[in-house]
Amino acid sequence: MVKKGNSKASVGKTAKKSKDIKRAKTTKNVKKEMASAVTPQSIDSKLKDLPLPPSIIEELKECLNKVKPTGAQLEHIIQMSVEAYERAKVEPCEAVGIVAAQSIGEPGTQMTMRTFHYAGVAEINVTLGLPRLIEIVDARKIPSTPIMRIKLEPEYARDRDKARALGWGIEQTNIIDIGSMSVDMAKMQIVIELDEKMTSRRNITAEEIAQKINAETKAEVQAEGLKLTINPVQHSYRGLLRLVNDIKGITLKGVKGIRRIIIRKENDEYVLYTEGSALKKVLQFVGVDSSRTKTNNINEIADVLGIEAARNAIVSEAMDTLREQGLEVDIRHIMLVADMVTAGGSVKQIGRHGVAGEKASVLSRAAFEVTVNHLLDASIKGQVDELSGVTENVIVGQPIQLGTGDVELMYKAKE
Amino acid sequence: MTKLKKIGKIKFGLLSPQEVRKMSVTKIITADTYDNDGFPIEMGLMDPRLGVIDPGLRCRTCGGRPGECPGHFGHIELAAPVIHIGFAKLIKKILQATCRKCGRLLLDEEAKKKYQDEIKGLKKIGRSTNNVIKDVFKNSVKISVCPHCGEEQKNIKFEKPTTYIEEGHKLMPSDVRDRLECIPDDDVEMLGMDASKARPEWMILTALPVPPVTARPSITLESGQRSEDDLTHKLVDIIRINQRFQENREAGAPQLIIEDLWELLQYHATTFLDNEVSGVPPARHRSGRPLKTLSQRLKGKEGRFRGSLSGKRVNFSARTVISPDPNLDIDEVGIPLEIAREMTITMNITPQNIKECKEYVRRGADRHPGANYVKRLDGQRIKVTDKNSEELVEALEPGWKIDRQLKDGDVVLFNRQPSLHRMSIMAHKVKVMPNKTFRLNPAVCPPYNADFDGDEMNLHVPQTEEARAEARILIAVEENLLSPRFGGPIIGGIHDHITGLFILTRGTTLFDENDALELLRKSHVRDLKKPAMHENDKPYWTGKQIFSLILPKGLNLTYRAKACENCDVCKKSECKTDAYVVIKDGKLLCGTIDEKAIGAFSGGVLDRIIKEFSPAEGKKFLDNATRLAIRAITHFGFSFGIDDEDIPQEAQSQIDEIMMEAEKQVKRLIEAYKAGELDALPGRTIDETLEMKIMEELGKARDQAGNIASQHLGLENSAVAMATSGARGSMLNLTQMSTCVGQQSVRGERITRGYDGRTLPHFKKGDLGAAAKGFVKSSYKTGLRPTEFFFHAIGGREGLVDTAVRTSQSGYLQRRLINALLDLEVKYDGTVRDTRGLIVQFKYGEDGIDPSKSDYGKSVNVRRIIQNITGQDPAEV
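Residue numbers (our numbering), protein chains in the order written: chain A, 1 to 415; chain B, 1001 to 1877.
The following block holds chain A by itself, in its conformation from the complex:
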């Protein structure tokens, strides 16, 4: 009986496994074990070395512990699982690239164009649907609606006040957020009246503001309580007006580029959502959980966390975009796109300035976009087209080296 089980599961036979079974064979109560429910330990040991992906083994373990099968059933289940896995493997020569491209492109026709939609947070606009997908594939430096989701350390995540205070600290603060500014033309002065509530909320004092303005503009600033008077260096109306604008632009506190912060409660923890993105700076704040904080700006992730993180960000962003539209696309297709885009070590665009423009084949590039320039360029460099890809062989009228075109049939005649 054991022998039979072994031979059936031979697909995934490993040295260790066969040893295990040999040992089991020597034990006397084999038959008994086959009929009664097996212990969790023996399930574990049986599953340990199967040639299956870890996620499947995990799931098997969990389900088997619930169901408590008999030894024979367990053997059968394992054998069926291994068979199912072997059956589902990709065949060599499969044109996975084309299938992936089609699987992402085809649902694109069913997506909505509506740029602005509200996802997760009602208060913040996010680009979704086809425009967002195009944005991901284009590898834009800055997405049209950058957003961050800042998760907090436990201490901050449970305490609304602490989370809020941290939020105030991160949010970009300009002078208009905390006070009103007026220009006294007669005295050639700028007067700023600070709002007490706002300043205390953002934990900033008049002196700090005065110093900051002084440092940025070199103008002379006097602080009296909540009133700031500023005397410009240049005594001209134009200088005065320019100074007003300069002061408006100064980031007094917080991270430049984070225009708004919204606090939301998600599963017992407070999470900060930001309009605008500055990953590097935000991660430096005490209280921010740097391992769970993310942004939708893929290039920023590549800069701060590296290319592997960017690759994962592309996968998750694209999956989220498609899922939100109710479209089911296998994650493997998106992984392939993400890997293609990031394989070179930087996030490349899908298109003439990236992947398609860096192909080895001249004909393939010429057939895509900017035909003439590619041909001129190739002639100058004396480039050679090896005719190994799909487009090139279609152009010259030869069978392509992909899928069924990549295998040859040979017949060996009998002597």
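Hints were generated in silico from the structure; no laboratory data involved. Careful, some of the hints might be misleading.
[Said to hold, decoys possible] Cβ-to-Cβ under 7 Å is the rule here; a few derived chain B residues that face chain A:
#, residue
1, LEU1298
2, LYS1299
3, ILE1349
4, GLN1814
5, THR1835
6, GLN1841
7, TYR1844
8, GLY1845
[As the list claims (entries may be wrong)] To be clear about the criterion: a stretch of chain A counts as covered by chain B if any three or more of its residues have a C-beta under 8 Å from a C-beta of chain B, and this derived list gives those stretches:
#, stretch
9, 86-95
10, 158-172
11, 186-194
12, 328-336
13, 345-355
The beta-carbon is built from N, C-alpha and C at its ideal position, and this holds for glycine as well.
Could you slot chain B onto chain A? The hints should help.
Chain B alone, transformed into the frame defined by chain A:
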């Protein structure tokens, strides 16, 4: 079999003047094309040595007939060199980077060595040298004194399109050429050029190749006049100016005139190569149309590359309108007899099939499965006619070939554009039919995205045995039931298939033997099995039993149907909507069959049959199910009319009340807003808050009205049956028809644009009420008021624009994605690589699983396996 000739690789390079002369069959000196008798002039643009286009003539160079002779190049000796427009910018960069006297690169030996090594290293590992070359250019421009000869460099300015000015003094192309000639090969390499294939001076044209006439054929108009190709026109211009230039120079004309002519020659050479250069007025035809010259021929969608080279035209194809035929199998395609007689398959005659072949030839071209042509051993093709058919039958012998007409059972490829995914082309089996449309089973519409409102589809007949084998094994409909996009079924029942089975299997409907057999008449089931009950000694079967007959034995499945209301505690088989589906050993015990069972994209039952049995079993099930459904729906009768939208009086008054109340509520909100009592929502302005609240209020009103309406519309209402079964439409559609259309929106907001402060002159300025901002109170049945109708048109227009924009955008996205990924392939070691061998993934999808063979992305359906073996569902233990 002859071995195919193979093109190994293609080298690109520049033509040197010597090469141009060497490959030229004649020098072209006269601008005229034909003489008065209509004969081509020797050494003219239509010289007979350049190839033939007129039928009946032979090429003077190779002796080939039109079609055989590829054409031969000639050349024009330019009286003065001109710049090749494609390289104008590069020439400037090279001039700046090299010494004006000795021609060497303006870098000292040390820097040169450094860059040289770098280039060599990069080339060795097969990387791009672009960045290094950019540096070379950047650094050499900065140097003002030549480190080799000590010559002081002058500043060179480039004026678009083709003028170079060196400190006020214009450099003629001949001067430029002289300088480029001086550059040593070593230095040329460092400028990113390959000196053996592209010397820099070759970028200045001295001998212009003249394309063969086959590349610029002239057409004879009806009037007998010849109309020349655009390229010929341009060449005429070049030769004329070239001659004038020469004459003027020989006559010793003043420098000014010479320069003018030189410029003119440059202009013509430029537009000959590219007629869309910025800063150069495009050369025009007499009619004012810009000429299509060399660059324009290559460029763009209809250009040589994308239009002619990447897009091949084929024979053995057909195209016509499609129409549905539910009696066909899903992998069949009905082909009009006329098309079947025109399209052929080549058969090689062997001793085994000679009898069959003789029969085809005997039948000839006029009686359907016949043969149109016979090909003898010597390659002669003979048309089979009434007269010669008997004669040919006798002569037929192994080794000959016949072109046999298409007949039932042949495999053909069927396609509908846009071909967005691989299921847009599938292999079907031929079924020859009368009438003039392609017929297909409506169940295969989803993958093609086809409907029958006038769609046309294409059909291709594979011509080799290998192609037919591939079509049968890989491209067949049966093999494409599951989509590689998500690993679920993409082909499945639609519309009436779902409604039909829904009505059949809902609750307990009883059928006597007659009816039961009638329902199953088109399905391949004859044995009715045990009846559910007897009454008056007559056996009766339930709808569920009848459906069970087409399910394969051994199928076990439990799931919740679309009608499931997600009750807190599931009553399971006691479900009042009959939404708890249990299939045990191929018997439907309870639950209703709907879209979630057999629908395309979501059919769970279909999915399980394909995965646990086989695609063939899945196909059989789908064939049977769709036929049963069609017979069921015709048995019961199914229609929808205007009176199905009727709502009882009391419901109508309730609805009116809700609408009144909603309007009042909106008014109240507006008053609060005007009085400044409205509190803004966090992160919103007060205006936005008001809008959101009004939208919410009106949305709620529409939903309430809809709920009241649907309470009065039961499952006996056809639209409700279609909506709940998921066949077509939704309850929202029905409410819009019967009760209230609802708010019309543009970009997710109420309609605001129009006149100053109001949407239409029917309203007061500043009116923020429901009606003034596009709320449609009426239903489609009662009809819309004029203002409502207008708002509805506004909302509808947005949808139309959206679709138009989307198709173009997603089309481009798809093209880019395909182009970026098309070379990727899984290698035998499991890695994914591109053509260069660059590894993109070490294991495809991280686990090496093919999504189309997976179960919704999972390689192993652990739950199903355990359930099938132990009989316990792990999720419910």
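Would the hint on GLN1841/B stand, with a C-beta cut-off of 7 Å toward chain A? holds, 5 Å
Holds or violated: the hint that GLY1845/B contacts chain A, with Cβ atoms closer than 7 Å. The hint holds - GLY1845/B has a Cβ within 7 Å of chain A, the shortest such distance being about 3 Å.
Taking a Cβ-Cβ distance under 8 Å as contact, does the stretch 345-355 of chain A have three or more residues in contact with chain B? With 4 residues closer than 8 Å to chain B, the stretch 345-355 of chain A meets the three-residue bar; holds.
Quick check on THR1835/B please, does its C-beta sit within 7 Å of some C-beta on chain A? Since chain A brings a Cβ to about 4 Å from THR1835/B, closer than 7 Å, the hint holds.
Less than 7 Å between beta-carbons is the criterion; does LYS1299/B satisfy it with respect to chain A? Holds: closest Cβ of chain A sits about 5 Å from LYS1299/B, inside 7 Å.
Holds or violated: the hint that TYR1844/B contacts chain A, with Cβ atoms closer than 7 Å. holds, 5 Å
May I ask you to test the interface hint for GLN1814/B with respect to chain A, counting a Cβ-Cβ separation under 7 Å as satisfied? holds, 3 Å
Verify the coverage statement for the stretch 186-194 of chain A against chain B, using a C-beta to C-beta distance below 8 Å and requiring 3 or more qualifying residues. violated (count 0)
Do at least three Cβ atoms from the stretch 158-172 of chain A come closer than 8 Å to Cβ atoms of chain B? This one is violated; 0 residues, fewer than the three required, reach chain B with a Cβ under 8 Å.
Are 3 or more residues of the stretch 328-336 of chain A near chain B, judged by a Cβ distance of less than 8 Å? Holds, because 8 residues of the stretch 328-336 of chain A bring their Cβ atoms closer than 8 Å to Cβ atoms of chain B.
Once the shortest beta carbon distance from LEU1298/B to chain A is found, is it less than 7 Å? It holds, given that the least Cβ distance between LEU1298/B and chain A is near 5 Å, below 7 Å.
How about the stretch 86-95 of chain A: do at least three of its residues have a C-beta closer than 8 Å to a C-beta of chain B? holds (count 9)
In summary, the numbered hints that this structure violates are 3, 10, 11.
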